[in-house]
Amino acid sequence: MLLKAKTREALIGYLFAAPIILSVLMFEFYPIITAVFYSFTQYQPLQAQQLNNTIVPEDTLSMNLMVFPDEPGLTVESLQDDFDLEFFIETDVGITLSERQREALQYFNTERLLTDFLEGKLKEEVSIKDFMSVYLKREANLFVKYKPKIVGLENFAKLLDDQYFWLSLKNTVVYTAIVVPIQTFLAVILAVVANRGIKGRQLFKIIFFLPAVTSSAALSMIFKLIYAKPGVLNKLLNLSVDWLQNPSTALIAIMIMNIWSTAGYFMVTYLAGLQNIPKSLYEASEIDGANFRTRFTKITLPLLRPQILFVSTMGIIGCMQVFDQIYFLIKNMRNITLAFYIYRNAFEYSKMGYASALSMVLFALILIITFAQKKFIKEESYF
Amino acid sequence: MKKSLLIVVVVLFVSVCAFAKTQIRVSGWGNTTEEAALQEMVDVFNASQDEIEAVWEPIPDFSKQIKVLLSAGTAPDVFFCDIAWFPELAGQNAFLPLDLYIKKENYDVEAFYTPLVDAFKMNGRLYGLPKDFSTLSLFYNKAIFDQYDVEYPEGQMSWDRLLEICEEFKSKGYDTPLTVAADFNRVIPFIKSNGGELVTEDLNTAITEPAAREGIEFYCDLVNRYQVAQEPANVGGEWIGDAFGKEKVAMAMTGPWTLGVLREQFPNVMANTGVVEMPMQKEPATMIYTVSWTINRNTQHKEAAWELLKFMTDAGQQIFVDRTGVLASRKSIADNDTDPMKKAFYDGAAYGTPWSVPTPSGVFAEANDQINSRLKDLFYGKITYDQAFEEIKDHYMSWVTAE
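Heads up: the sequence lines are chains A and B, in that order.
Quick note on this note's numbering: the first sequence kicks off at 245 and runs consecutively.
Quick note on this note's numbering: the second sequence kicks off at 1191 and runs consecutively.
Just so you know, the hints here were simulated from the structure itself, not pulled from any lab data.
If you're wondering where the values come from, they're calculated on a predicted model, not measured in any experiment.
Beta carbons: idealized from backbone N, C-alpha and C, even for Gly.
Just so you know, not all the hints are guaranteed correct.
Stated by the list, open to error - Calculated pairs, DSS-like style, for lysine-lysine (alpha carbon to alpha carbon, straight line, at most 30 Å):
| hint | chain 1 | residue 1 | chain 2 | residue 2 |
| --- | --- | --- | --- | --- |
| 1 | A | K393 | B | K1311 |
| 2 | B | K1254 | A | K389 |
| 3 | B | K1436 | A | K575 |
| 4 | A | K393 | B | K1254 |
| 5 | A | K367 | B | K1436 |
| 6 | A | K389 | B | K1311 |
| 7 | B | K1500 | A | K468 |
Unchecked claim - Sample of chain A residues with no beta-carbon within 12 Å of chain B, all distances over it, derived:
| hint | residue |
| --- | --- |
| 8 | L247 |
| 9 | E253 |
| 10 | D303 |
| 11 | T354 |
| 12 | E355 |
| 13 | L413 |
| 14 | F429 |
| 15 | R440 |
| 16 | L454 |
| 17 | V457 |
| 18 | S464 |
| 19 | A472 |
| 20 | L488 |
| 21 | T557 |
| 22 | F607 |
| 23 | I610 |
Just chain B, with the same shape it has in the complex (with noise of 0.2 Å):
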């Protein structure tokens, strides 16, 4: 009798032990290879570890489906955050600082490229840890090259250059050398090449001012007024690196996430591809995009996302690099990685400015849809550039300010 009753209490007592386990869950999103190395993260994290087991659900969507979940109360314990909407979600305290912990341990921040651990600071405190980062860079065809006998594109060639090479093609009849996109941040390389800016000091919008207006101009003409180049839709691919994989163009300016698409969908495109660094006017420039490890601040188990914030900034970056092509945050991963095709983006991250612009209200998509609105409309012609910029001018302010 005494003897069952010990079994049973044993039992009991291991199986609570097995449940007693933190669950931490993790979100983020991805493309299908980006997803199979996040699972793969989380299983290697889970067996290194005895108390915590980490789950990943992907989430579609998921700047829109990551703010209801913050305010219903159910997101995440660790989630990854967009430097562009970073602003906003730190802004309204969704995520708990880490300077604590940073400070508890003497965690070393000067492991990351600096820009990128500042672009997730906000009132001295920091909120996130870089995953990874990308840059813009210029792709081009070497096959459709040799075909028109076009001499192929040099790094940080001068715009005059730029037109220069698509006017060659024309007049030899390839009638879309380029494909480019009617989004905002694509074209703030241009702006920012020419010497322009994105805000003033009073954070309201500086894309109007001369400079900034010359580049949009220029990016803008190479559609409407020079037709060299046309939207990636127009020429039958979903997006610019799409169409540049199905050969539908001779150069691209897009980022390193375009190579495992081409690895995977175009082979045969992949290795006619050449990558330089963006085209430029007065100074060299392109785009960061960054997305950090965050930690919600509604978590439970804050100690126990720390940990997996750690692991997956470091032995976790090591694998999603090595399947996925992404460039690292942590300089040490970005040494050993030697992949002469991510070199024009490794530059670039000296120079680049990070997608983010600074808002009264922490939010810019409004403004971004409105200029993106703009931006299509010039391709096609609908608005002249006076209009366009007067319209920005006047009610840039009613887009970035809370109600």
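Chain A with its partners taken away, still in its complex shape (with noise of 0.2 Å):
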């Protein structure tokens, strides 16, 4: 072998990282650099295979003309009169022209494109940008793959107009301000419980934990019959409120919901950070004479420090991105939350570079609470 082992042994090491790292640069890199570039256009996804699709070019005319070449009496010059080059590229043909495109359509050849068509010579199919590569004299490179309209910053600047953004974006601050703490408190104190040395521990970490495992799909659906009108909730409450539909409840609902189902998994971080804490300590607090909520304040919670940065992080960016609860149990627009309302414009309101941009507000969002976090919660060790 030519190569030092050493070398031999990194790229070995990298050909068994090679999947991870195929995949994480295909599914990860890719599209979050194309949602940065999509920020800053209009992207039409309808509009990306347009110029792919084929075209039995003799039809498309046929349809556009209202003749077949095989009918008699007709020359190039009496179809021109007819043929509107503008409506056929855009209706028949089927692509949707940028200005860019509309103005190239001047050096398209119409009179060689219908002699071909007198002739007989369009009845095979062809895919649109070869059909455009073929009549038009220049130019023919803006028909070659969709390009987005590039539009700068002014998705960006719409953002501060649209009422549903800020709207969105303070129901996901409120949510992340109230469900993270709770969360990473509760969580505490369930790991507390469930490591003392209870009868049927081994029982309460299942039931604890068993939200985490279970699809979110599911749980949504149970707490769909939970919070409705005729539900348990209100049998329970003697009340009559329906908790979803009724803007003013519903995200606090949600909110519940989404605690009961984090708090066991964050649970089990702490669990393993309790391992980690030598029994000497808590003995010699014992000897010295604290009690229970003193060793907890002054032992146990510093000492956790470390989880609870990773929870508390975690649990910020779980709650920045919360989408599923919303997409299955909130009809209401003034509950939605920023993720959500990325979805509704990606997919439904179709304005795709409109919603990368949002995604991109998200994005730097989380990333700026991260590292205050990161700043202001110092990750020390005691040992």
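Dock the two chains into a complex; use the hints.
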């Protein structure tokens, strides 16, 4: 072998890691980079395939002119009179023309097209880009690949005026601000309880962790029934509130559901952290006469600091991106979150560029908060 | 040696021929009954064809999925298109125009109800053949009416009469006689019936004009002011037809798809159900919901797709109408459909409004969400009518113009 042992080892290492590296590049990096690009454009997904579509030019022309080439008495001149090139390209060939493409149509060789039509040379099915390259004398390169219109910062400027952007941003921030502290703290308590020598603690651990392994769609459906007007919650509380339909209770209902379903998952993280706290510390404090509360605040909490940082960071990221529960349960635009609004814009309003801009804002927001948090809560070690 | 070679050649030839069937993918959506009917239609079509093999591929959450598939170039060859999002997809050239085939074969589009064919035209091209259609009518539960001794509703009765019936129920201790949804399309008959319009000539909104506004206010008042109607979820139903089937309400305004559900899931209620035309104010009004069979412009098998389209809107439609209870778009099939429960729905076709609001961008989805959200707020008294209409007026154009 010509390679040095070290290089070889490195190569083999990369080879083993190749599947994950490739999939991260393909499914993480590429989408992120394209989303950045799209946020500066008016990307219209439905136009992406237009130039790859195929036509039988003879049929397309026949439809446009409403004549067949074998009809007697047809001449190029007579056909040319009725022929509207722009309409033909836009409606019958099927290209949504950009301004530059529209201008480039002046180089289109209409005469040659109509001559070929009458001579019956257009019976073969061709792709639209090939068709355009044959009949455009110049600038055929404009008809090779769909290029979205670049609008610069327009999408971002529009954000500022969009009432639903602010509303969804506010909902997202409120949601995060309420859910993260509660779920972080609740998980600590669950972990401490589950870690004590109480009877049936394995059972408790399973019960607490169960929501984390249940699909959020299934959970949403269960909560839909609980929260319904004739549902269990109203029966218990003797109320008659439609929790999910009523705009003032819907978001709170989702928060409660999310705290319940994630606290158990984060509990596991704390449980691992609790195993790392030396028993001797507790023993020493007990000898010194510390009660349970003092031990909890002075030993357990400070020593769980790295886990708390981790849990709150993951919690913030998760909450900022909350989507599925909103998608399944919320019918009211008043209670939407940013992630849901992104989805709406991209897939329902066909505003892919705007949706990309929104997602850039969400990305920036999460980045800033996470950095700030890392700066303020120092990840120190006590050992 | 020669003989075996010949056999090999023959076998190869036969197998190539067998595989040479043109395969076309067909997609749409439907409840279980409808999907079974569609599968049967595809099977019957395949049995009648030597060259073409259609494959039925249902897609959930269709309207979003199809856009993704179209932009990836992997959409099926033939698929349903709902009138509600037809303008957007047709405007982006997603469909193959059918005009050439119609001209070549002298295909008779007059055989369908004209408004349904016109609904799928754009720029002078026809992009789809109507699969079927639905209108809205008023369902009422005779058993509940009898129990509370209230007179049955009549077709095209006035709004006042509707309210009167509701209040009579309420005074006799039946709290929620009617269920309504915060869906703009359900309000449109009330706008149209009062002489209102949906859009102005320059495609701005016309629903803030007095006539339309009165219609919307009456609809929301049923919930908020008179408190005689509730959203289906509030009375324990998944949707309007479900609430009606579970006998949570005495009346509901819904479409013929509810008949199929009642027949299958609530046969007892079905036996007691009456269907009359929608209530009206100045002129009769209802919604027309329709879906068409369209061909993907990206298809490699244009001719085969057209063959399938012709079958699906003729012999295929007969199967679909027989099995699912929808309304036939082809007049000859509709004429044979003498189900008395469907009469009110067919009658509505004469004056209904197709569920499609023209917009500059072709996309009404955002405006629809925004209006629905305000309807909901109005149901719960979160905002006043003045606020709602002012907001709609101020923002409408930004909801319906492209980025």
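Results for each hint:
no.	hint	in the structure
1	A:K393 with B:K1311	28 Å, holds
2	B:K1254 with A:K389	24 Å, holds
3	B:K1436 with A:K575	22 Å, holds
4	A:K393 with B:K1254	23 Å, holds
5	A:K367 with B:K1436	60 Å, violated
6	A:K389 with B:K1311	28 Å, holds
7	B:K1500 with A:K468	43 Å, violated
8	L247	41 Å, holds
9	E253	40 Å, holds
10	D303	5 Å, violated
11	T354	20 Å, holds
12	E355	23 Å, holds
13	L413	17 Å, holds
14	F429	33 Å, holds
15	R440	42 Å, holds
16	L454	27 Å, holds
17	V457	24 Å, holds
18	S464	14 Å, holds
19	A472	6 Å, violated
20	L488	8 Å, violated
21	T557	32 Å, holds
22	F607	20 Å, holds
23	I610	24 Å, holds
Violation of the numbered hints given earlier is confined to hints 5, 7, 10, 19 and 20; the remaining hints are satisfied by the structure.
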